[in-house]
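Asker: Use the sequences and the hints to build the structure in full.
Here are the chains, one letter per residue:
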Amino acid sequence: MADLQSQDYIRRSATNLTPPSVRHHELEVAKLIDVSRCIGCKACQSACMEWNNLRPEMEEFQGAYENPHDLNPGTWTLMRFAEYEDEQGNLEWLIRKDGCMHCEDPGCLKACPAPGAIVQYANGIVDFISENCIGCGYCVKGCPFNIPRISAQDHKSYKCTLCSDRVGVGLEPACVKTCPTGAIMFGSKDDMKDWAGERIAELKERGFQNAGLYDPPEVGGTHVMYVLHHADKPSLYSGLPDKPHISALVGAWKGFLKPVALAGLAFAAVGAFVHSIVAGPNETTEADEAHARLEMEKAKRNGSAES
Amino acid sequence: MTNTWQDIKNANVVIVMGGNAAEAHPCGFKWVVEAKIENKAKLIVVDPRFTRTASVADVYAPIRPGTDIAFLSGLMRYLLTNDAIQHEYVRAYTNASLIVKDGFAFEDGLFSGYNEEKRSYDKSSWDYELDEQGYAKSDDTWQNPRCVINLLKSHVDRYTPEMVSRICGTPQDKYLEICKLIATTSAPDKALTSLFALGWTQHSVGAQNIRTMAMVQLLLGNIGVAGGGMNALRGHSNIQGLTDIGLLSASLPGYMNMPKDSEVTFDKYMETKLFKPLRPGQTSYWQNYRKFFVSFQKAMFGSAATAENNWAYDYLPKLDVDGYDILRAFEMMNNKQMNGYICQGFNPMQAFPDRGKIRRGLSNLKYLVVMDPLDTETANFWQDYGPQNPSKPTEIQTEVFQLPTTCFAEENGTLVNSARWLQWHWKAADAPGQAKTDLWIIAGLYNRMKAMYAKDGGAFPDALLNLTWTYADPHEPEPEEVAKEMNGRALADVNDPATGAPLLKAGQQLDAFAQLRDDGTTMSGCWIFAGSFTDKGNMTARRDATDPREAGIAPNWAWAWPANRRILYNRASANPEGKAWNPAKPVIEWNGSKWVGVDVPDYGPTVKPSDSVGPFIMNQEGQARLFARGLMNEGPFPEHYEPFESPSENVLHPKVKNNPAARLFASDKEHMGASADFPYVGTTYRLTEHFHYWTKHALINAILQPEEFVEIGEALAKEKGIEQGGWVKVSSKRGQVICKAFVTKRIKPLMVDGKPTHVIGCPIHWGFTGVARKGYGANTLTPFVGDANTNTPEFKAFLLNIEKTSAPPAVDVAQGPRDAQGVPKSLTKMGSL
Amino acid sequence: MDLSRRGFIKLTGAGLAVSSMGALGFGSAGTALAASVRPFKLTAATETRNTCTYCSVACGILIYSQGDRAKNVKSSVIHIEGDPDHPVNRGTLCPKGAGLLDIVRAPGRLTVPKYRAAGATEWKEVSWDFALDRIATLMKQDRDANFIAKNGAGATVNRWNTTGMLAASAASNEAAYVTFKWARALGMVTFDNQARV
Amino acid sequence: MSYPKGTIVRNSTLTLVNHWITGLCFVLLTLSGLAMFHPVFFWLSNLFGSGQWMRALHPWLGVCLIVSFLGLFIQFWRDNLWNRDDVEWAKSLDKVLDNREEEVPPVGRFNAGQKAVFWGMALIIPVLFVTGILIWEVYFGDATSIETQRVAVLIHSMAAIGAILIWITHVYAALWVKGSMRAMLHGWVTPGWAHRHHRKWFRSLVASGSPGPTPDSTAKFRD
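Residue numbers (our numbering), protein chains in the order written: chain U, 1 to 307; chain D, 1 to 833; chain S, 1 to 197; chain C, 1 to 223.
Please keep in mind that the hints were generated in silico from the structure rather than gathered at the bench.
Hints are all accurate, no fakes.
Quick partial rundown of chain U residues pointing at chain C, CB under 10 Å, derived from the structure:
no., residue
1, Ala14
2, Ile150
3, Trp253
4, Leu257
5, Leu262
6, Gly271
7, Ala287
For every residue, glycine included, the Cβ atom is placed at its ideal position computed from N, Cα and C.
Answerer: Now the structure itself:
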């Protein structure tokens with residue numbers, strides 16, 4: 001666990017010990033995606049590929065502007081396009097940058113069975129440490145946003161790192177820097193919330209009465225937030241979950257089942273042990289052998305008589 | 001652009017029409033978003049498609065491709081009838097008050113002086129009535145029915161909202177909402193900015209599209225002010241620079257004109273360049289033309305250009321036609337009138353209309369030279385790439401050279417951006433393999449030809465042998481040397497003509513074009529660049545981004561032509577008394593003794609407001625022109641003409657359907673389709689993921705948009721049984737493309753003259769080279785006809801048909817050229833065939 | 001000329017706030033971080049200011065190349081991102097600009113002069129001398145055969161219209177001007193550029 | 001296989017091999033499964049070389065297990081059918097646990113406890129297999145929805161815990177009832193063992209003169 005030496009972790013997958021917590025005074029960062037400013041140009045996607053040296057497979061045109069057609073191990077962020085007509089028939093092209101939300105309470109980390117394969121830094125970034133990843137796909141099941149993807153080549157899970165390598169040296173993530181219209185902003189979580197407030201006020205002035213911030217409390221808030229013009233209906237934006245939460249099934253699996261199962265197994269083992277002490281072995285006695293012999297001989301005699 | 005990119009943030013209303021700024025210029029578009037946020041600006045988008053720009057617009061209206069003039073003329077009518085014009089500005093700064101000659105008329109779609117046989121106008125009646133001193137007559141009261149403003153009113157009167165909607169297919173309510181919003185910027189302290197690009201230029205009425213909007217901006221008083229202007233968002237990193245330096249068939253550097261056949265002598269040439277003021281006291285800066293020209297000739301031919309030989313006037317070729325533009329060049333090739341062609345970083349197989357004609361033209365050449373960093377379709381036009389390029393190599397007798405060049409990352413130099421900034425860039429890496437700079441290659445050809453002519457003689461070698469070539473290394477001039485040459489320097493000591501005080505020492509770099517002389521004592525390769533590389537250093541390399549008052553000027557960042565001026569016509573940002581129209585955003589103001597402000601005045605720095613010198617100092621009137629005089633080929637006022645391929649009649653004047661002054665070659669006339677066979681309106685455009693035909697070589701961009709497709713509306717898809725992502729055959733009279741269909745809600749049928757009209761959108765980015773999937777190229781479909789003034793091809797409005805089809809066989813989509821048996825080599829290599 | 005961005009700022013004394021990503025990077029405190037996050041890849045790369053080659057917004061870019069320009073290094077570009085000091089783009093780049101690396105290092109980049117003889121079915125790699133000699137010869141032959149010194153009316157026109165040229169739209173002004181000089185001195189009139197389309 | 005004189009064959013050689021393959025698979029699956037289930041067991045992944053190896057092997061072991069268990073099932077299912085004796089036996093479970101088996105009603109080849117283990121495993125192993133397939137990321141990760149997989153992974157874990165509990169009972173019973181291990185290692189039991197634990201089975205063999213494991217085995221009883 002040499003990596004804990006960075007003393008930057010606040011959570012580490014499949015680890016029951018408390019990470020170093022003396023250096024707790026770190027700035028929590030956040031990325032704010034203002035959907036109302038986004039022009040869907042995919043610069044973020046381009047910069048993400050470039051900075052992270054990713055080149056996913058070139059696909060075919062599949063009847064949509066989404067290219068590739070979904071997130072994949074080499075596509076950590078993806079512009080999703082939804083043509084939406086409201087009740088009055090007004091067309092809106094709702095374009096959303098999809099990618100890891102860096103939850104405060106990350107479902108992937110909760111589900112991960114490999115110690116240290118998923119970590120959360122004190123600045124809020126949830127990062128996958130490939131060295132420790134075993135490729136089980138539990139993070140996929142744990143994530144409320146359907147983000148992680150397992151590589152078919154190396155069987156490791158991949159997703160946006162929020163450019164932890166850039167943030168670690170004091171820079172902003174590559175997608176943030178490149179965003180031509182400033183639809184992606186980066187800073188402290190508090191500052192981003194303030195800025196979102198200004199943006200929402202402006203959107204309301206422009207007639208978007210339901211404008212709001214997407215920082216879902218069900219996952220403890222996220223370090224990637226959206227300003228939405230229709231915050232009442234996040235699912236309009238290519239299926240952004242209305243109320244994202246770690247599935248109850250995952251909660252059961254990673255929550256109560258773990259202690260209950262351990263207790264059950266321990267109970268069984270201890271029960272057996274106690275029984276072996278109390279009752280002792282069940283041994284075949286000489287009497288049993290004698291009974292058996294008698295019966296066998298009797299049968300033999302009967303058999304001979306018959307023959 | 002008249003203004004800067006950052007200045008867009010000062011706008012109150014932004015109109016994106018004739019362009020798609022968010023997709024084609026995302027980083028410039030940030031300033032629109034900034035205007036929305038910081039300035040509470042409203043964004044209007046008018047486009048045949050609901051684009052990504054429209055996705056962030058406050059108001060979007062659809063329009064049928066090729067009908068912008070009707071829309072904008074209707075807008076002018078709205079402004080004039082609702083008195084939503086900035087009166088003081090229009091009166092003082094435009095030619096609204098000037099009186100037009102009696103002979104000028106407009107009837108049934110034609111202006112006075114039309115010659116049907118020549119398809120051109122005698123423009124002599126398109127001018128002002130002059131007084132005895134040769135000045136234009138004027139009526140500031142606008143009572144005279146012949147004054148420009150009244151002629152304009154009656155000219156646009158036909159463009160009622162009903163008529164606009166009938167022609168454009170734009171719903172009236174949306175149209176009127178836009179008119180109303182734009183009208184708000186007629187207030188002196190409000191500004192509208194117009195952002196446009198090829199959506200306006202690529203029409204047979206391209207120049208008039210832009211001119212119409214410029215007139216709107218003048219009526220609103222939005223030229224020269226912060227947050228206003230006409231902002232052409234240029235497409236390529238140095239397309240502005242190449243235009244500035246005159247690499248166009250009829251141009252010389254600094255927007256001087258190539259001599260014509262008729263201008264047999266230098267004096268004759270200068271006769272048309274006198275630019276005598278048309279109003280009293282005006283500057284008419286082009287009066288200095290002779291200084292620019294002589295200094296240019298001195299730069300070109302050095303001591304061989306003398307007063308005695310008329311500054312080597314004969315060394316320059318003379319044009320026998322208006323221009324040898326690209327359309328003419330390929331027409332000549334098809335007629336076997338050309339033997340050689342050099343494509344320097346240019347890919348006409350993708351970029352020019354009617355690809356079949358381009359391929360046939362190149363096949364007729366004796367030799368073709370392609371200089372490019374990338375493997376282009378043009379260089380490979382002779383190869384068989386299957387249906388996307390069905391050439392037969394053995395039948396093509398063209399010798400082809402493909403010369404590898406460096407790209408931006410591997411060389412130093414300046415590029416001129418859309419806002420006229422010259423920005424120096426530095427070499428970051430070595431060239432790959434044997435790739436060489438353009439400077440090295442051109443120098444190599446120059447030195448070889450010079451040696452051959454010096455040794456063997458030949459046709460008129462004088463100009464070549466006397467060309468200035470004084471570079472330290474004649475085989476590869478240093479960019480700094482050439483930059484200094486364009487800036488210009490004194491060839492002898494230069495003194496102030498008024499005081500006799502010494503201004504410049506011989507050999508000293510010029511600080512400004514005002515120092516140019518017509519006596520051969522100065523030289524400057526491109527007069528508008530004078531001041532860019534002075535004895536103080538390379539001004540284009542300046543990196544001070546400070547921007548006083550965050551005005552969007554950044555005066556010390558790089559250098560802008562002319563004279564480091566960032567907003568053109570900025571004198572018009574102040575009222576006639578010299579006070580800013582918008583006190584919150586002054587550009588320059590009169591402080592009692594001189595003009596001061598955040599920008600360099602586009603005006604005499606000490607010319608008093610009371611002198612009544614107009615702000616448009618390059619014009620002979622000193623005023624901007626609502627009436628263009630003879631400067632436009634199809635009329636001094638814009639008029640709606642249908643595209644050459646159009647689904648509807650010209651409802652304004654059925655007899656004159658198309659631009660009467662546009663040139664159409666006879667052979668191309670036969671290749672124009674009729675709406676009976678091709679019932680849908682096609683338009684071509686770029687997608688934000690790609691840059692023209694380059695980024696199909698860049699894997700990242702190929703991943704972001706891998707394959708050729710067309711966009712169609714749901715109604716058309718339903719009518720034709722086309723599925724989302726299904727294969728379609730798109731055809732015009734000139735060719736066909738087989739690609740996928742993107743069925744979208746963003747294109748809706750338009751009601752044009754009572755008929756539903758469908759639009760098919762054709763993104764242009766795919767070809768048969770590169771890492772992206774192989775495509776036909778939208779130019780397979782487009783018509784070979786150009787704008788009447790610029791001959792820019794009509795890519796934006798033509799006729800198409802579309803049919804559902806089945807997926808093509810694998811061999812037809814396989815990458816790479818084919819072998820002699822017609823089998824793609826990429827497949828035989830893999831052994832899968 | 002000092003090619004680095006920081007060097008230039010010092011040179012001009014502009015005194016701007018500079019985002020010095022190269023200077024940051026890994027000190028001793030960073031090594032522990034490196035155990036978990038990916039190491040910052042630009043720590044000692046050479047940074048050069050340039051301008052995006054695509055559209056006319058002319059975004060400022062920072063090109064990072066491998067190597068410190070030592071004699072024994074052939075530098076190659078490893079990363080490109082926006083120049084935060086540039087007043088127009090302020091560090092941002094569009095999807096094309098953000099992917100510039102892939103055009104600089106495109107598989108379709110040409111590295112060797114090639115020649116295709118009349119009727120040939122294949123390219124042939126040739127030397128620069130062969131290519132330029134042959135082009136110059138072909139041009140001179142055509143020019144000498146078709147040059148129009150005087151028109152029908154006997155006026156000097158010194159025009160050559162049987163060989164034409166399309167000039168680049170992304171070449172520098174300097175390349176453009178030298179091209180202009182050469183082409184016009186030859187009397188070339190069929191001479192145009194991308195502005196037309 | 002040869003057996004000592006006077007012994008009864010409890011399990012055929014095929015059964016022995018089949019059982020131990022099943023058992024080995026089960027143990028390895030338990031070790032790897034527990035490693036992926038709870039952090040306190042993750043160290044067990046080292047037994048497989050690494051976490052990645054463990055993750056890769058686990059599902060393949062599962063495939064082996066179900067094939068192997070199918071063999072056991074075919075061999076054992078008939079003798080594990082429930083009958084009245086089992087009810088009686090189950091009623092006397094306290095006596096069984098107290099090692100007073102002589103007071104327990106006689107049973108056939110398998111007693112009710114063994115049958116419960118058999119049917120428990122016969123039920124759970126297919127469940128583990130099916131749910132395991134659904135969450136086998138490498139091949140079936142995209143085949144079903146994530147929600148389905150969440151259900152599957154929860155059922156898989158619960159089923160596995162159930163299987164392990166049964167297994168603990170099974171192993172303990174084998175250790176507790178002396179002679180059982182030998183029956184599974186060498187195949188034979190003493191007549192006394194058979195008489196004590198599976199008297200009806202013993203008597204059916206004696207009556208048929210079969211050496212075991214079933215009355216209809218062809219070999220003659222050995223002296």
